[in-house]
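Colleague: Spelled out, the chains give:
Number of protein chains: 2
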Amino acid sequence: MTTDFAATKAQFHLPAGITYLDGNSLGPLPKTAAARVAQTVNAEWGEMLITGWNKAGWMDQPSRIGDRIARLIGAEPGHVVMGDTLSIKVYQALASCLDLNPTRRVILSDTGNFPSDLYMAQGLCQTLGQGYTLKTVAPEDVLATIDDTIAVTLITEVDYRTGRKHDMAAITAKAHAHGALTIWDLAHSAGALPVHLSRARADFAVGCTYKYLNSGPGGPAFIYIAPRHAATTRPALSGWLGHESPFAFDQTYRPGAGIERMRVGTPPILQLAALEAALDIWDQVDLNDLRQQSLTLTDQFIAGVEASCPTLRLVTPRDHAIRGSQVSFHHPEGYAIMQALIAHGVIGDFRAPDILRFGFTPLYIDKTDTAKAIAVLSRIMAENLWDNPAYKTRAKVT
Amino acid sequence: MTTDFAATKAQFHLPAGITYLDGNSLGPLPKTAAARVAQTVNAEWGEMLITGWNKAGWMDQPSRIGDRIARLIGAEPGHVVMGDTLSIKVYQALASCLDLNPTRRVILSDTGNFPSDLYMAQGLCQTLGQGYTLKTVAPEDVLATIDDTIAVTLITEVDYRTGRKHDMAAITAKAHAHGALTIWDLAHSAGALPVHLSRARADFAVGCTYKYLNSGPGGPAFIYIAPRHAATTRPALSGWLGHESPFAFDQTYRPGAGIERMRVGTPPILQLAALEAALDIWDQVDLNDLRQQSLTLTDQFIAGVEASCPTLRLVTPRDHAIRGSQVSFHHPEGYAIMQALIAHGVIGDFRAPDILRFGFTPLYIDKTDTAKAIAVLSRIMAENLWDNPAYKTRAKVT
Numbered sequence: 001m002t003t004d005f006a007a008t009k010a011q012f013h014l015p016a017g018i019t020y021l022d023g024n025s026l027g028p029l030p031k032t033a034a035a036r037v038a039q040t041v042n043a044e045w046g047e048m049l050i051t052g053w054n055k056a057g058w059m060d061q062p063s064r065i066g067d068r069i070a071r072l073i074g075a076e077p078g079h080v081v082m083g084d085t086l087s088i089k090v091y092q093a094l095a096s097c098l099d100l101n102p103t104r105r106v107i108l109s110d111t112g113n114f115p116s117d118l119y120m121a122q123g124l125c126q127t128l129g130q131g132y133t134l135k136t137v138a139p140e141d142v143l144a145t146i147d148d149t150i151a152v153t154l155i156t157e158v159d160y161r162t163g164r165k166h167d168m169a170a171i172t173a174k175a176h177a178h179g180a181l182t183i184w185d186l187a188h189s190a191g192a193l194p195v196h197l198s199r200a201r202a203d204f205a206v207g208c209t210y211k212y213l214n215s216g217p218g219g220p221a222f223i224y225i226a227p228r229h230a231a232t233t234r235p236a237l238s239g240w241l242g243h244e245s246p247f248a249f250d251q252t253y254r255p256g257a258g259i260e261r262m263r264v265g266t267p268p269i270l271q272l273a274a275l276e277a278a279l280d281i282w283d284q285v286d287l288n289d290l291r292q293q294s295l296t297l298t299d300q301f302i303a304g305v306e307a308s309c310p311t312l313r314l315v316t317p318r319d320h321a322i323r324g325s326q327v328s329f330h331h332p333e334g335y336a337i338m339q340a341l342i343a344h345g346v347i348g349d350f351r352a353p354d355i356l357r358f359g360f361t362p363l364y365i366d367k368t369d370t371a372k373a374i375a376v377l378s379r380i381m382a383e384n385l386w387d388n389p390a391y392k393t394r395a396k397v398t
Numbered sequence: 001m002t003t004d005f006a007a008t009k010a011q012f013h014l015p016a017g018i019t020y021l022d023g024n025s026l027g028p029l030p031k032t033a034a035a036r037v038a039q040t041v042n043a044e045w046g047e048m049l050i051t052g053w054n055k056a057g058w059m060d061q062p063s064r065i066g067d068r069i070a071r072l073i074g075a076e077p078g079h080v081v082m083g084d085t086l087s088i089k090v091y092q093a094l095a096s097c098l099d100l101n102p103t104r105r106v107i108l109s110d111t112g113n114f115p116s117d118l119y120m121a122q123g124l125c126q127t128l129g130q131g132y133t134l135k136t137v138a139p140e141d142v143l144a145t146i147d148d149t150i151a152v153t154l155i156t157e158v159d160y161r162t163g164r165k166h167d168m169a170a171i172t173a174k175a176h177a178h179g180a181l182t183i184w185d186l187a188h189s190a191g192a193l194p195v196h197l198s199r200a201r202a203d204f205a206v207g208c209t210y211k212y213l214n215s216g217p218g219g220p221a222f223i224y225i226a227p228r229h230a231a232t233t234r235p236a237l238s239g240w241l242g243h244e245s246p247f248a249f250d251q252t253y254r255p256g257a258g259i260e261r262m263r264v265g266t267p268p269i270l271q272l273a274a275l276e277a278a279l280d281i282w283d284q285v286d287l288n289d290l291r292q293q294s295l296t297l298t299d300q301f302i303a304g305v306e307a308s309c310p311t312l313r314l315v316t317p318r319d320h321a322i323r324g325s326q327v328s329f330h331h332p333e334g335y336a337i338m339q340a341l342i343a344h345g346v347i348g349d350f351r352a353p354d355i356l357r358f359g360f361t362p363l364y365i366d367k368t369d370t371a372k373a374i375a376v377l378s379r380i381m382a383e384n385l386w387d388n389p390a391y392k393t394r395a396k397v398t
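Chains Z and D, in that order, are what the protein sequence lines are. For the first sequence, my numbering assigns the number 1 to the initial residue and increments by one for each residue that follows. For the second sequence, my numbering assigns the number 1 to the initial residue and increments by one for each residue that follows.
All clues given are correct.
Note that the list lumps identical chains together, so a pair holds whenever it fits in one copy or between two copies.
DSSO-like cross-link-like pairs, simulated, lysine-lysine; straight-line CA separation at most 27 Å:
no.	residue 1	residue 2
1	K372	K55
2	K31	K372
3	K392	K55
4	K31	K55
Derived from the structure by calculation, the hints contain no laboratory data.
Kindly produce the complete structure, drawing on both the sequences and the hints.
Modeller: Rendered as structure tokens:
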């Protein structure tokens, strides 16, 4: 193990008394992010004003940061760009793939995909008309369902509820054998485990940065296009910063080189500054070490909870080969249990209808934290501490 | 005049020695923005972590801030929401209007519209096929061109190059008389002059916040839908935060109430914090005072430059009724002249092929600044200071 996880942990602000197992939803604050954002606000925006686009390098930041993300997802340098939200990036990737595969009408996804991916696909199908449809099957049935009718698969590699991991290489290979393209949503993969987009011959990939990558609330998304498609895909969201020459102010859109055409509008410079600080920590991490530590922690948590909480039913696969970096349990009182946990200093989250979800993020969560979370959960279950009206009133977001 | 512009000016950080006439491209830093962003980073993201979505009110921020923008654009409260970039909002508005007016195939815009608006329309037309087209005419010809073939007009109220202002009420009325809908891009209107969306019976409006509203580089955009359409329009970009019940994680998209359906993905919380600080200053401003002061300053600049710089040819209308809050001049050496101006402490910008552009923003630009800018420009022209190789090398962005 070459990665020093004690050293990475020391680089995060972790509130006193909290065990944070929700970094799969919003990562914690890297200690240098506040200063980096303040520098962007004061020294760049404040002092450089409009000239910051050149002088501070704002204009190139989406590509420069894209290259740093590329390493974490096994992408070729120069083929990842930042911007917008994950839902927008899903739309761009879908529209591009349907365009590249014009004789087919079916998008294949699974019922475990994050709903926004499904919603964006539904919206695009309605806009296109002409028989375009979204077909969803159970996650386990994706591979068997791929046939010559499928235009593109839209799969989130790691299921946001169960933590079950799809086999990217196998699905991509079968899709290609049947003339389909693949879009991989890496929301729960980027920074959670090694990803090998290029090796798997993935066609498109998208992801967000505020989960495992720790860019802060509303941090920008990324998109990848395999080099073999990057120069030929037509951008559906043809914004000026994806134009070949944005500052020529031409009347007609001409796509920029390669992945640059996936840029749309003005990039969110303050959010990108926070992301940049977060990536400094990622530069110290070997993803194979990360994976090993993640499996150690999720194994520890599964064993500890199963030993002490017999009414919690494991959702996440035991098999390492198909496990992401989270552990989920079913319980009919999942909502109240999670509220009790939060009240007792362990933050995970609840996903309707009955899932307790815990993210394991080796950059700042270690075996001691995991043991503490097990102990608190065990006590809450043993003493029925969740059975309290205060924990049963649902807030808007959890 | 009830607005104290000396007091608003004191609330901006304005770098020493700079006269900043580019607030129509990127507004300067409100002094409270740095602290507001730092609070969001440290006290909210850092301490609240995921619970910030409820505790710090992040989830409602796009609507709450939308209501504050509504006052500045004459919109009904509850009908403006923040998010994404202006180009994305243009796409949403266009797709909605084509859907609401399904028997027509023509989008009408003008050659003075900002290219990204045209590009997004071109991309949408290509995606839709079926004969959808973008028709562009000269800005002066928009009104006369509206006929029964037009599905929707997509017009930027104030021309980004010339500063010429369209007649929103007249174009909207004629569009409605011919069964067309209207989308108003307020990029150079919001915070530049009073806007009366509701009174003009505009159908949709979109805009950005980093220009006259001073939200910082990459600040989020806004979108308005007239109440009569808000409950019936189908969102083309149907993301989870526009869903009726995002945290139910349903498999099928159902649009949220009214304008909420125009939300797509996770909002950029750090950028929204900066915008919130900027809007505190706007709360002190009467838009009629702003307009009066803007016309005073642009009159002063036109008169001063024309008196001293005979080779600069005015582009911006002299007629107050059709002038925005900027002044533009043609000059074949416009690029070099602007570089010389910047080197001498007056920041405006250059727009290809030959336009020198100066934004007048009464919140922090006064008559003394305007006089100084005239004096510097006069000297540069009189002494040919622009005729210097150092000023002729084009940077990527200006």
